[in-house]
Amino acid sequence: MMANIKKKKWTNYAFWFLLPALLVYTGFVIVPTLSSVYLSFTSWDGISDDIRFIGLDNFIEIAKSPRVHNALKNTMIFAVALVVLENVVALALAVLVDQVRWFRNLFRSIFYFPVLMSGIIMGFIWMIILNYNFGVMNQLLDMTGLGSLKTDWLGDPDYALISIILSTVWKAAGYYMIIYLAGLQGIPQELNEAASIDGANRWQQFRHITFPLLAGATTVCVMLSMIGSLKIFDQIAVMTDGGPGFATETLTYIIYKVGFGELRQGFGTALAIVLFALTLIISLIQIKLLRKREVQM
Amino acid sequence: MMAKKPMLTFITAMTAMTMALTACGGNDANNGGNGAGAASNSPDNGAGEDAPKEVTFSIAYATGDPATKKAIETTIDAFTAKNPHIKIVNYSETTSSAYLDWLKTKDAVGQFPDLVEMRDTKVFADAGKIVELPEDLHGLFKLLPEYDGKIYNAPLTGNAPQGVIYSKKAYADAGIAEPPKTYDEFLAAQEKLAASGISPIVVGGKDIFHMGFWTNYFFENEVYAADPDWNSKRTAKTASFTDANMVKAVTDYKELFSKYVDKGWLSTADNQTASILVTGKAAQLYSGPWMFGQITEADPSFEFGFYALPNREGKTVINGLPSLAGWSLSAEAAKDADKVEAMKAFIKFFFEPAQYGPYLATVNGIPTTTAEVTYETGEQMKEVLRLMSDDSVVKSLGLANWYGENAIPPQFRNWFYKLLQELVLKDGDVTEYMKQADAEYDNNVKANQQ
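Residue numbers (the numbering used here), protein chains in the order written: chain A, 1 to 297; chain B, 1 to 450.
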């Protein structure tokens, strides 16, 4: 009885402690989110006080718009490429850093360093490196007698997408490396030793022991990189501005462009709702599949 | 009773904290947006009844070009030195390409400037964010364009014509003795330049606004010179992007970009074009007089010329009609009579020949005032001013500069420039691409009518 009273009293206090955070969260997240849902059914230009309800028109236009379809396609390309490459590179780096005997902390710091940079700064660095006329990349090709390979890395639609993907992998891999590294260090060394005694080579040890035991880290990394890749914005804004043409426009990018630059806040918000739904569905499927894999392991 | 006391204390503390937090977040916006207001509404500072009332107003303008930024800052400093009771809070901090986004953000956080360089008059006038220019300022200017029968802007400079800025050395090396007299001669000159081993034309295609320079050359010559109301006809669906003259304009555009433009044009920013020109990587740039200062700054010894590119018949059509742009008063600031007086005083001061002359000289601008303004100009600017005063030169406006019935949907411009980029990159069929332009234009018109 006394325990119940104490618990109830504590629950009351807990509520009051949580209230400030709840108020702030409500004001800055919940209210804007609900407002966004309403705005997605309007033709608001983002400036005037005239907010007209237009029903499902924005969503119908999204379904029909070739520009949105192109952005969706680019978003999916980014998502698949980034999830695969970021995780493969991060895992490879984690395994290497885990096994290296000397300068282990130095290597960890070097690989983690790009994570600390903002996406905007990283975008500027790569934009300068890849510039056609003044960029280091083309200058190096010139200096090494490979001038014929000079390319407009960010101006050619075929290379622009790849350039953004690779620069993003360079920035993000260190972050996932740390998660994989934590997972690797949690694997008992005896398992590998036993496998080694049984005649398993390095690859077989990795394939049948290390990788399965990293299932938890993989779930986290794959989900985070998927969400991150669906939100990709900074690099595109700085490096290509969605171009050349429409070649690197993604959903997040046109949400900004349409909402702010083209004075269609209502349409931009409808796109944001679509992106939210897409991210939610993909994340749920991903969690379900990866959790199932974790259980099987 | 005792149990309620801690609860009451807790609620009081929470309320106080919430209010404090709210104050932290909200004050900025309120003070920023109306920081001027707070000051302007304050009573006299007690300096005596004859002392002028202290007034503060905020100002903002696009600062993409450092020379323009410096020139306006110099005028602000001179004005506040002469009028110590007026304080000007300068919000300006953004480039030209992001100016609209920045203004919208300022508006969203309650910091819409009191006096603002307006480049999207229709949008902000429709939204009720700016008011008409006070009538007693109208007499300062030669010509003031109207929107919906109202005048909103005090034009900082006249609309500048664009033309070919060329390296004299590159022309001499390629054996081009004088500027071409027709567009076909211009194309022949491009062949000579390419043969001499230099990239003929640099384009800052990474900045989407830069794509308008060449687009407008072809549109003004092929379409607008003959039919200044083409845009309103397109809106009414009585004209189409697949019309013969429009297809011709875009075909010429595609040919020029495919053959003579520097290979890295899509990743070249507008502010890199001057460097590419002065370092001899390209021979020409199609831009306006605002580039003269940047080019001279990049290399003071670089010799360059400027000419307006004639069309195939040898006729010259330039971007030269006035458009809806210039200083505008915000609707919020207009409610405060003291602020309005202070802003009017600033505008009068800005356009006085003593200030306006040096400003025009710095930005290579075209005067808009009725008062005669004299200022030092280089040979390139002399050519610009000659073109503007030559009645045989047809004056027009670019695709997105028309206003009133001829205004295009605001979202169409950038989309269309991107479409043209794609057309060149994919070697697309012009008519097919123009069908897409028609569809998008109609969609935009429909969306904006909702």
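Careful, some of the hints might be misleading.
To be verified - Straight line, CA to CA, 27 Å or less: simulated BS3-like cross-link-like pairs of lysine-lysine:
hint	chain 1	residue 1	chain 2	residue 2
1	A	K150	B	K426
2	B	K192	B	K315
3	A	K64	B	K192
4	B	K426	A	K64
5	B	K69	B	K344
6	A	K150	B	K446
7	B	K435	A	K73
Rather than coming from a laboratory, the hints here were simulated on the basis of the structure.
Consistency of the hints with the structure:
1. K150/A / K426/B: Holds - the C-alpha atoms of K426/B and K150/A are around 20 Å apart, at most 27 Å.
2. K192/B / K315/B: Distance of about 23 Å is within 27 Å: holds.
3. K64/A / K192/B: violated, 47 Å
4. K426/B / K64/A: holds, 23 Å
5. K69/B / K344/B: holds, 21 Å
6. K150/A / K446/B: The hint is violated at about 44 Å.
7. K435/B / K73/A: holds, 23 Å
When held up to the earlier numbered hints, the structure conflicts with 3, 6 and fits the remainder.
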